[in-house]
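Asker: Okay, here's what each chain looks like letter by letter:
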Amino acid sequence: MTDLLEPRAIGRDLARRDGVAKVRGTATYAFETPVEHPAYAHPVQATVARGRVTAVDTSAAEALDGVLVVLTPSTAERLASTDDAELAVLQTDEVGFRGQLVGVVVAETSELARQAADLVRVAYEERQHDSVLSVDRDDLYAPEQVNAGHETDTAEGDVGAAMASAAVALERTYSTAMYHNNPLEPHATTALWDPAAEVPLTLWDSTQGVHPDRATVCRVLGLEERQVRVVCPYIGGGFGSKGTPHANVVLAAMAARALPGRPVKLALTRQQMFSLAGYRTPTIQQVQLAADRSGRLSAIAIDVVEQTSRIKEFAEQTGVPTRMMYASPNRRTTHRLAALDVPVPSWMRAPGECPGMFGPEVALDELADELGLDPVDLRIRNEPEVDPETGKPWSSRHLVECLREGAQRFGWADRPAPRHRDGAWLVGTGVASSVYPTMRQATSTARIRYADGRYVAEIGAADLGTGTWTTLPQVAADALGVDVDDVEVRIGDTEYPIASVAGGSSGLNTWGSALVVAAREFRGKFGRRPEDGDEATGDVDQAAQDEDHAAYAFGAQFVEARVHADTGEVRVPRLLGVFACGRIVNPRTARSQFVGGMTMGLSMALHENSVWDPQVGQVANHDLAEYHVTVNADVGDVQAHWLDEHDPYVNAMGSKGIGEIGIVGTAAAVVNAVHRATGVRVRDLPVTLDKLLTGLD
Amino acid sequence: MKPFAYARPGSVAEAVRDVAAEPAAVFLAGGTNLVDHLKLGVARPDLVVDVRTLTSREISDLPDGGLRLGAASTNSEVAADRRVRERYPVLAEALLAGATGQLRNTATTGGNPLQRTRCVYFQDVTTACNKRDPGSGCSAVGGYTRHHAVLGVPAALPDPTAPETCTATHPSDMAVALAALDAQVQVLGPAGERTIPFADLHRLPGDDPSRDTVLEHGELITALDLPPLPAGARSAYRKVRDRASYAFALVSVAAVVTADGPGSSTVRIALGGVAHKPWRATRAEQVLRGGPLTEDAVRAAMAAELAAAQPQPGIDGGNGFKIPLLTRTVVATLRELVEATR
Amino acid sequence: MDAEITLTVDGAARTLTVDTRTTLLDALRERLGVTSPKKGCDHGQCGACTVLLDGDRALPCLALAVAHDGAEITTADGLAADGELHPVQQAFIDRDAFQCGYCTPGQVCSAVGVLAEVDRGWPSHATEDLTADPQLTHDEVAERMSGNLCRCGAYVNIVPAVQQAGGVQA
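Heads up: the protein sequence lines correspond to chains A, B and C, in order. Under this note's numbering, the first residue of the first sequence carries the number 177, and numbering increases by one thereafter. Under this note's numbering, the first residue of the second sequence carries the number 608, and numbering increases by one thereafter. Under this note's numbering, the first residue of the third sequence carries the number 1112, and numbering increases by one thereafter.
There are no misleading hints in this set.
Looking from chain A toward chain C, a few residues come up when the C-beta cut is under 8 Å (computed):
no., residue
1, 202
2, 446
3, 765
4, 776
These are calculated hints, taken from the structure and not from any lab test. Backbone N, C-alpha and C fix where the C-beta goes; we use that ideal spot for every residue, glycine too.
Could you put together the complete structure from these sequences and hints?
Answerer: What follows is the structure, given as structure tokens:
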């Protein structure tokens, strides 16, 4: 048990501290860092999907007046570590995917850099590439583990036997598309290499974690951490793609090192982001459910096939939520990968849970249909007493309450009959559950100093738009027992104490815990009447950590979908979610997190699809005109509510993390609603109108 | 982007002369498509001649009761013009269904119909494309065909290596409405002025997919004339797309219906998102001429129109869905227009 | 090829030398250090760079700077030039109509443009009766603001913020 902070600032509806800077546009993002006399870098990318660079002719580029540096695989510095093939930039002639970096040009202006990059002539020995994901491939393999250290496969009981003997057995294949994070701020870095300076390398980088970013850059470049500073006060969205540094960061550092004393700015173009900034793998999910007539599950299984890049493995943990979500004596989850000539997949908002709650949550809806049960009731009937995966009790689990409250708020009981028609529109409603594990990272330190009558807390944390600038002061204020206005928090700089990545919805849980320890240390040392300059630090590993409970946030999402009876166009006028995520630190920023996740889930359901072209070997629709993300007109009434959940086990704030759960389950709820409206079950995302036409009159 | 010279001459005539004299010269108006293409390397001019402030921005009444839209009038201004909204709703609706407020404030009457295809391969200079790089082949065959043509293409899977192969579509919404309105294009060129019926402005790929229109080098659109519609005519534009806004059409329909008498009407139909040019559905119009606009009649007319359609197989199922979708969208659009005329 | 141009940016006249290739957006961001307009796509596909160009909302990423010699540009920063936030900006803070903040200056400029366009009686795709004056309904605002992508998903707060700034109780 953890002693929960007495909430005074926590729970208050405070406006964002960075609000004025953001509405004026004066908040400074990485590329915009004011520096003296910057140079501009533009990458050169491979135009074959597999092969070898045989020659690079840089003469035309170098002949341009104003071109400062051209780096190629044969002229670039040798990196200290090439273990991570994604980050082994310009270290080899081998081309592992189309769009891979094969050079960079630095010039006096961005126009020149781009022109010169176009003039770099690269010759290739092209080889046959292989980039088609399929369950029928004979080279699928089981990775040693999947993302976040989860086991690749799990099994309990005998799913096959349960399927054979069940009253109802359902076996379906679902697929999710390839998705690109596409934060609005492109991946960008301003880099300065000044060998004579005390800290020779400074990276103003758009990153979800300045310290992890620095650690990786140091490893790759062979530098000591004291030689590198990473700064990122504001980040224009990341959703995971800026959680680990990608090749562009290394390239920016290399470009700067080739031009000592001169700051170099490098921003990926939107098009380049489709091959260099990570993405969510497409998944194929074979789901099995067995149940008795009352809807009680006797088996649940998911066998996942997904892709990774041949040059580097990333295994999305898609099957993981099926291990703990519902009760069933017989269970199986497996992950198999195809290693293809494709860009390197990576984190995208709720890796694992987001795609992994698509297939099973649609399958439950199909099962409810077969059984003639209400899909809300079906879920409630399979509520597990303890965590089915570990056998541990829950720290708190209020999925049933979320379903019930959501149903009540949404008006679920009055849901229209199947294929209900309202004018030109067919109307249906659907539901799905949400889940996300409650995590806390092992490393983070906060420093609290008293200065000029105020408390200044420093930690290298990140605000991706999550509200960290605003919420950490609330935690610190309650930990110190002072007014929130008397607390200033500084984040986003490796000059501050080490902080974990803003990922896994663990930011506030981790950094807040460190702040609470620091505040305790501070009060222990200096009491209630500190003097200027008094200072204390606290590490997250000194905070109480519960190992005896399974900790997850839960939620339920309800959707009203409308499908045009003539054209099949889909509209979602209503999305309603109820979440149980422990204590909410700031209802204003929290609501935005939930609603934002649900909106991204809607986007996944209806629009997003990185169309892989196996002929060319790249994403065909690699820009924001053709890779559709939801626009304002697609969004109607989106409501997020939460239960007043008290969890004494998770951390001193009682918070569970809210950044990712909003995107989990939304797409399934949309599919389920569209099925109710049209009778068409779309098992392959996105739900586009062409998939519905056959079901319309 | 390669370097280019920029010129803003003193008159339209001078601008035409400047472009005509330089083979690698282009006109610049709003720039929403040209600047895009300069960055992508799709357009590589040596000289950019700015006509944005040279051509007329006026929207004026014509003696025959029609309207003249000056080439520099913006898409926003035309869509907001009271006369357009009242007399040519199909045009206002088409304009408002296209792009976004910001883009419509910049894009012009002269430029919009000349925007080029959004075919993803055309826009990516690292892939083969006969339109951008004649003779290089067509990457779209068997590829990402969702936004590609089903009409005016010779086969379901044309030869990707043939220099004439191109399945791109024309992306403009405005142009579809103009095709249905029988607009006239006023052009100034090195050889003087000429008027081109809008339906003849755009061309099919034929043996030269690099050419979108019949305009010769140096010819500039100075205005578009809208002839008056018959009394009692109703018109509408219906766009079907993958997002509720800010997306190019999968299919679109511009329709003008005039009741000739009881149980008889004249219909004009133009289709967007399905061909290399705004597609005037003349066969369907013929079938429907003089008859009642029942849903069965419209379906039969569309069956005639689409008899030669060639769905393009490709990724994610190709674009065969456009064929039933076109019929359904035309049926729905005409149904609403007929109900409105009752 | 270089050209000298003068722009009035947020009320101040600025003379600068640009490459004929330089977009208005890069002129602002890279030559003048005016970074309130953001670059999200550089191709008119996201709206993050939206400014008021000679009074109307427009995308400087698709404008050549040299073609806009003499232009008057107002950025989101310039909307609060006297230190007082524009009502749209205040409404965005009140409604938490942003998260990461990167699309926000463009959203703000776009919203200012939308309010002016509605005042002028300009219709939109969401306008039911083209011959009537449009109102600041949810659907009208959502359609008109659809040229500004927000990846954080703040749309549901942006619409009431624009309505609030337009004097409509939402």
